[in-house]
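Trainee: Here is how the chains run, residue by residue.
There are 2 protein chains.
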Amino acid sequence: NGADIVASKNCASCHGANGIAVAPIYPNLAGQQAMYVEAALKAYRDNARGGQFGAIMTANAVGLTDDEIKQIAAYYSELK
Amino acid sequence: NGADIVASKNCASCHGANGIAVAPIYPNLAGQQAMYVEAALKAYRDNARGGQFGAIMTANAVGLTDDEIKQIAAYYSELK
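From first to last, the protein sequence lines are chains A and B.
If you use the numbering used here, the first sequence corresponds to residues 703 to 782, in order.
If you use the numbering used here, the second sequence corresponds to residues 703 to 782, in order.
One or more of the hints may lead you astray.
Unchecked claim - With a cut-off of at most 20 Å between alpha-carbon atoms, the simulated SDA-like pairs for lysine to any residue come out as follows:
#: 1; chain 1: A; residue 1: K782; chain 2: B; residue 2: I722
#: 2; chain 1: A; residue 1: K782; chain 2: B; residue 2: I727
#: 3; chain 1: A; residue 1: K772; chain 2: A; residue 2: A725
#: 4; chain 1: A; residue 1: K744; chain 2: B; residue 2: K782
#: 5; chain 1: A; residue 1: K744; chain 2: B; residue 2: I758
#: 6; chain 1: B; residue 1: K744; chain 2: B; residue 2: S710
#: 7; chain 1: A; residue 1: K744; chain 2: A; residue 2: D768
#: 8; chain 1: B; residue 1: K782; chain 2: A; residue 2: A725
#: 9; chain 1: B; residue 1: K782; chain 2: A; residue 2: Q735
#: 10; chain 1: A; residue 1: K782; chain 2: B; residue 2: P726
It should be emphasised that the hints constitute simulated quantities derived from the structure, not laboratory data.
What you are looking at is a predicted structure, and each value in this text was computed from that prediction instead of being measured.
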C-alpha cells in the first residue's frame with residue numbers, strides 16, 4: 703500500500719514522517735490533494751518538471767507504476 | 703502585500719480563497735512551506751515546470767518579481 707511504497711522510497715527523508723517537510727525547501731504533503739500529487743509525480747516521472755529539485759524527484763518517480771503513484775498520493779492526502 | 707498580489711492574480715480561482723484547492727487537481731497551498739512555494743513559482747516563471755498545469759502557472763508567474771513571489775509564498779504559508 704501507499705505507506706509501504708513511501709517507506710521503501712524513503713520519501714520521509716525530505717517530506718517528513720508525518721508529511722510535514724523536514725526543511726522549508728521541500729513541500730509539505732500531509733493532506734495535499736491526491737489528484738494533484740498524482741499529476742505532479744507523473745510530471746516528475748516524465749521528466750517534465752525541472753526546477754531546483756526536479757532531478758531528485760524524477761529519479762525517485764522513474765519506475766513507479768501508475769498504481770503505485772495513486773497509492774502514494776492517497777497515502778499523503780489522508781495524513782492530517 | 704501577498705494578499706493583494708494573490709487577489710490581483712486571482713489565485714483563489716484554483717487554489718481557493720482559504721488556500722484549499724477548489725478542485726482536487728490543484729494543490730492546496732494553505733500552510734505550505736514558503737521556501738518551497740517560492741522555488742516552485744520561480745520554476746514556473748522560468749518555464750522549467752511542464753506537466754498538466756505548467757503552462758497555466760507559467761503564464762501566471764511570468765512577470766512576477768522576486769519580491770512579489772516571496773510575498774505570495776509568505777501569504778500562503780501563513781494561511782491555516
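Trainee: The structure should be examined with respect to each hint, and the outcome stated for every one.
Mentor: Tested hints:
1. K782/A <-> I722/B: Between K782/A and I722/B the Cα gap is close to 14 Å, so the pair holds against 20 Å.
2. K782/A <-> I727/B: 19 Å, holds
3. K772/A <-> A725/A: 25 Å, violated
4. K744/A <-> K782/B: Violated, at about 28 Å.
5. K744/A <-> I758/B: Judged against 20 Å, a Cα distance of about 17 Å means the pair holds.
6. K744/B <-> S710/B: Distance ~18 Å between K744/B and S710/B Cα, so the pair holds.
7. K744/A <-> D768/A: Holds, at about 8 Å.
8. K782/B <-> A725/A: Given pair K782/B, A725/A holds - Cα atoms ~19 Å apart, limit 20 Å.
9. K782/B <-> Q735/A: 16 Å, holds
10. K782/A <-> P726/B: Measuring from Cα to Cα gives roughly 16 Å; hence the hint holds.
In this structure, the earlier hints numbered 3, 4 are contradicted, and the remaining ones agree with it.
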